[in-house]
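Colleague: Residue numbers (my numbering), protein chains in the order written: chain A, 54 to 449; chain B, 54 to 449; chain C, 54 to 449.
It cannot be assumed that every hint is accurate.
What the hints assert, rightly or not - FRET-style restraints, in silico, Cβ to Cβ:
1) Asp187(B) with Arg196(A): 34 to 40 Å
2) Ile225(A) with Asn266(C): 51 to 57 Å
3) Asp301(A) with Asn177(B): 54 to 60 Å
4) Arg272(A) with Glu190(B): 39 to 45 Å
5) Phe386(B) with Asp134(C): 56 to 62 Å
6) Thr279(C) with Trp322(B): 23 to 29 Å
7) Arg89(C) with Gly387(B): 56 to 62 Å
8) Cys64(C) with Gly387(B): 46 to 52 Å
9) Trp411(C) with Trp322(B): 44 to 50 Å
10) Leu414(C) with Leu414(B): 41 to 47 Å
11) Gln300(A) with Arg272(B): 33 to 39 Å
Quick caveat, the hints were computed from the structure, so don't treat them as lab data. Just so it is clear, the structure is predicted and the values come from calculations on it, not from any experiment. In this text, a Cβ means the ideal position worked out from N, Cα and C, and glycines have one as well.
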Amino acid sequence: MTKTAGCCQGCLHYVFDYETPKTLVIPSIRVGFVFRFTQFLVVLYVVGYVCVVQKAYQETDSVLSTVTTKVKGFAFTNTSDADPRFWDVADYVVPPQGGDSFFVLTNMVVTPQQTQSRCPELPNPSTSCVDDCDCIEGYSDPRGNGILTGLCENYSTTVKTCEVISWCPLEIDTKLPEHALLAAAENFTVLIKNSITYPKFNVHRRNILPHINSSYLKRCEFNRTTDPDCPIFRLKHIVSEAGEEFQDMAVKGGILGIIIDWSCDLDWWARKCNPQYSFRRLDNKNPANNVAPGFNFRFAKYYKTPDGEETRTLIKAYGIRFDVVVHGTAGKFGIVPTVVNLGAALTFLSLVPVVADWVMLTCMGKRDLYKKHKITHLNEVADTETMSMGTSYGTQ
Amino acid sequence: MTKTAGCCQGCLHYVFDYETPKTLVIPSIRVGFVFRFTQFLVVLYVVGYVCVVQKAYQETDSVLSTVTTKVKGFAFTNTSDADPRFWDVADYVVPPQGGDSFFVLTNMVVTPQQTQSRCPELPNPSTSCVDDCDCIEGYSDPRGNGILTGLCENYSTTVKTCEVISWCPLEIDTKLPEHALLAAAENFTVLIKNSITYPKFNVHRRNILPHINSSYLKRCEFNRTTDPDCPIFRLKHIVSEAGEEFQDMAVKGGILGIIIDWSCDLDWWARKCNPQYSFRRLDNKNPANNVAPGFNFRFAKYYKTPDGEETRTLIKAYGIRFDVVVHGTAGKFGIVPTVVNLGAALTFLSLVPVVADWVMLTCMGKRDLYKKHKITHLNEVADTETMSMGTSYGTQ
Amino acid sequence: MTKTAGCCQGCLHYVFDYETPKTLVIPSIRVGFVFRFTQFLVVLYVVGYVCVVQKAYQETDSVLSTVTTKVKGFAFTNTSDADPRFWDVADYVVPPQGGDSFFVLTNMVVTPQQTQSRCPELPNPSTSCVDDCDCIEGYSDPRGNGILTGLCENYSTTVKTCEVISWCPLEIDTKLPEHALLAAAENFTVLIKNSITYPKFNVHRRNILPHINSSYLKRCEFNRTTDPDCPIFRLKHIVSEAGEEFQDMAVKGGILGIIIDWSCDLDWWARKCNPQYSFRRLDNKNPANNVAPGFNFRFAKYYKTPDGEETRTLIKAYGIRFDVVVHGTAGKFGIVPTVVNLGAALTFLSLVPVVADWVMLTCMGKRDLYKKHKITHLNEVADTETMSMGTSYGTQ
């Protein structure tokens, strides 16, 4: 045998010699039972909780969504304050584009025929005056409505207030109708079209499900029990599902979430991927600490008079903003999470012998026998060991 | 030696005595090969799949994005229906603000000079009447266009329909032009500026890449092969990349997704963080079950006549809504996911001996020899053990 | 004993016999110390880094958010270019609805009284002409402002340019005021109301915190040190917190992010879930490679003259778009991530003996003694084994 061959053989031994622990078989049913039972518990957790309940073997992805909305309905208002008026979609939906957030006007304070001019301020302690000296020219109170001209004018026969440069006449927004002007809005309907994508899994879905046909879509209306898949919603129904009263909400406005949950299980044995609708009021109704409760905003329509002067109609619009909130997570079997969770579980399985050993060596009657056969103390060198230990451990 | 010292030494022994399994070395190349080969497979999976393919050692974060869009282009329409008209951005982009969703008007039904008044309904089976008795005053059909006045009027010389209070004249939206009015919109361009942030990694990027200079930006146009980094897109090109025909889509409208994928690998050895553009139609074109196909909405321009009466021009706008959808995940080396995946892999490595043992003890020729040396049955007490076992296990 | 009983008993032995490794106890303080110290390091990592720093035992969820914004303030402009004018919210906030992105107009180029007509192009090298032959009828230059009529007209007494069909007079957007027109916008305030949900944990929060009362809300203004919870922000303060100068930004516009971080720790021992505000400019101010710096868009107000002709006022609006960006992750103790991380850590603990064995068998003085007791080579069959090995490994 040459030297190289010997070296090579040593190397082969190093690589391919298999080192395996010596084991001791204990034929005790009690220890065996503890061992198997603990194993069973770990397996139960892995199969039952991790796999079935949590589906931890799945990779996940978040939803990308597109929404279009289309409101239908019209109303006719005839109040003492204003002329009779017919309202259609172009009048009461702002913005008109039908994205994932749309506003339905239900109440308003209209101030028509405003022009850039001068008029006395609305009366309140800080604006009332006796003569021009009380009004500082050019000053503007952040809570006021314009820039002071320095004059004190008659607001009414009894009250004098400082004159301001502003859009006049000023808006008096305390005159909000107590009953919503467009009470009829509760019967408007909205069609919501929602397409979603899970880019990681290349899955596309839409909320008009494949089994629904066109004729059904033309007459259906969403109802959680009878028509859970119909994408047409009556506004009153949405609001009442959210636990609110439409007519209450219509007066001061609010924000209502139409929440579409697209949680999907995309494994071939599950194939569950349908939208779930829920509804929730998103602003706080009546908390103690609130500013500007409800929901309103101001916008204006601009006109020009025949002589070229710009006038506007200022509208303080109260209404319900509907926000379509799409969320969801899709899960599909993935190797990495499976391996990670299986690995973690196997680690716990490898802990089971530790438990069984402990039971065997402390609780069993024959523990000394087991100990004697399982554990070898380095006996042969006991004397020298103990001596050297004594030196190193000892405190004398 | 005092008692305390003895106790202390015992304690030290308890803490620092090292318990290690006794092992048996089997110099069998077959068993060794099975062992090493199984180990190799596990390492291959970890290095190859977990690290290289899945990059499971990375922490991830989701993108936050801001988008501005600016459309450019103008068109001139000259049809028999309407006056010749010049269109620019302020006319056809709704809303004008240039956010992440913008609408380009391509076709429309215009109903000018509407006023709050009375007119006969559009003729259809439910609105036609013979005399006033057929029209119930105050009733409003959800599919109609207004509130019935109770009168039956001549719609044309041959047809009588119920009169309604509404914005009159009523819109006749069946007269949609067959060829898109703004066919020229296909040559409009849009500049998309997109800034993104990965807040966890404090990374900011924008889609105008550092190597691009201003003069290139002024003349470039996106093209997947020649100009993949140019942020200026011709609308026709976007639509055709999505597999659609612009002129078809322009007639009834639709929704087109401009999808920007910002998947980033932020590790210093990768440093890959560029946007990838893709385009996809987001609404369904022609499924069997569809309502309101395409994309349209109604909006109105309000005017006042010299005598103060409000009139409006109602526009049913058909067009393409472009949604800029930004998504992406950034990954960067993280200790926790690395440890978790490494831990899982090591667990599988610790399973390898189980496989090798099984092969050794069942498939090898010398399995009895191996078994004899590896496994000790509690022999000394064999008799008593078996007896007690007999009692407990036996069924007689 | 019957045959069945014997088989059954064998089966019971198979299931319940407990196989445990034989171990050797080494009473060496050095090996023990290495063992315990390595164990300690692993435990330190798990407890210190994984649990305390990374909170890897938590499940996470992403935030769903709703935002309403309401700007307050007015301004008065009096420049030589235009009539004195008073501005309020309805004039300068576009769109008016108060969603999570709002635009405050600060500067503008106004082109009033545009009508559909003909006018000479703005002079530049490509539009100037000598006679009609230089102007091709029907041609439209993408960088021009309209469709050529084929005529060459006097733009001024010295310059002739091609006539175009367009909205005339043309906008001259080079006349942008150097100082922002609505410089006063810096003192406008915005109230931001933000409600968030973590759907997985069913947690709802709003940015008006419970301990804040209404009277405080009416007078407070956000300040990072004195009023960090006040949801009312002065625009100037927002911009300066983002490291920008309001008056600079107001001239050409820009995009400013109001970033609300709702990172929450929902475990009962933590209960930390408050918004953190930060501000950052989202567009690039002055990079070398920029197109259309700042932020602007064009919109128009449409009017009708008494004789029914449509005119419009075109506004190129420069201003600051405020984007409210809400992000955040909530974490709460979860069994699966806890088990996974604990499993990974335990795996590393199970590696500790490997390290200790290596130290014991290579670095210790008594390594041969340890080796002799720990490792048994299959001695009895050594001769035959080696021979057969020789045959299989050997190279002669």
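Colleague: Looking at the structure, which of the earlier hints fail to hold?
Modeller: 1, 2, 3, 4, 6, 7, 9, 10, 11
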